[in-house]
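*Asks:* Sequence:
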Amino acid sequence: MNNDQITNRIALLYLALQFCSEQMKMFTAGERICINQERFQWLHILSEPEAEPRPVSIAIEAKISNVIKLIETHKFKPSYEDPFNNEIVNTL
444 MNNDQITNRI ALLYLALQFC SEQMKMFTAG ERICINQERF QWLHILSEPE AEPRPVSIAI
504 EAKISNVIKL IETHKFKPSY EDPFNNEIVN TL
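Numbering-wise (our numbering), the sequence shown opens with residue 444 and increments by one.
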């Protein structure tokens with residue numbers, strides 16, 4: 444993945460988590476942990492490109508896809524910006 448794809452993935456994962464927090468509980472606590480682990484690993488990869496990604500499981504990825512469809516249907520906008528946006532911008 445290039446840096447743009449990585450930042451888009453980080454943003455997508457954050458949006459999915461925010462939808463779950465603000466609109467509809469879709470993920471278990473364990474799934475949220477896995478999603479955050481992937482987010483933080485991508486953030487790490489932006490500054491250490493040789494690091495290995497830690498993608499979520501296929502089952503969680505399917506749930507993320509369903510949440511993204513709901514986000515598009517409901518035109519959801521999160522109440523808060525990703526607190527790591529500054530980190531992302533500073534690593535690029």
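Since the hints were derived computationally from the structure, they do not count as laboratory data.
Because the structure is a prediction, the values reported are computed rather than measured.
Any given hint could be a false lead.
To be verified - Distance condition first, Cα-Cα at most 27 angstroms in a straight line; then the derived DSS-like pairs of lysine-lysine: (1) Lys468 - Lys506; (2) Lys468 - Lys518; (3) Lys506 - Lys518; (4) Lys520 - Lys468; (5) Lys506 - Lys520; (6) Lys512 - Lys468.
To be verified - Pair by pair, the computed Cβ-Cβ distance ranges are: (7) Ile501 - Ala472: 12 to 22 angstroms; (8) Asn479 - Lys520: 16 to 26 angstroms; (9) Leu455 - Pro492: 32 to 42 angstroms; (10) Glu495 - His517: 31 to 41 angstroms; (11) Ile501 - Gln448: 11 to 21 angstroms; (12) Glu493 - Gln466: 31 to 41 angstroms; (13) Gln466 - Glu491: 13 to 23 angstroms; (14) Ala494 - Thr516: 32 to 42 angstroms; (15) Glu491 - Met467: 28 to 38 angstroms; (16) Pro521 - Ile476: 29 to 39 angstroms.
By construction, the Cβ of each residue, glycine as well, lies at the ideal position given by its N, Cα and C atoms.
*Asks:* Decide, hint by hint, whether the structure agrees.
*Replies:* Verification of the supplied hints:
no.	hint	verdict
1	Lys468 - Lys506	11 angstroms, holds
2	Lys468 - Lys518	17 angstroms, holds
3	Lys506 - Lys518	18 angstroms, holds
4	Lys520 - Lys468	16 angstroms, holds
5	Lys506 - Lys520	19 angstroms, holds
6	Lys512 - Lys468	15 angstroms, holds
7	Ile501 - Ala472: 12 to 22 angstroms	19 angstroms, holds
8	Asn479 - Lys520: 16 to 26 angstroms	21 angstroms, holds
9	Leu455 - Pro492: 32 to 42 angstroms	20 angstroms, violated
10	Glu495 - His517: 31 to 41 angstroms	35 angstroms, holds
11	Ile501 - Gln448: 11 to 21 angstroms	19 angstroms, holds
12	Glu493 - Gln466: 31 to 41 angstroms	37 angstroms, holds
13	Gln466 - Glu491: 13 to 23 angstroms	34 angstroms, violated
14	Ala494 - Thr516: 32 to 42 angstroms	35 angstroms, holds
15	Glu491 - Met467: 28 to 38 angstroms	35 angstroms, holds
16	Pro521 - Ile476: 29 to 39 angstroms	19 angstroms, violated
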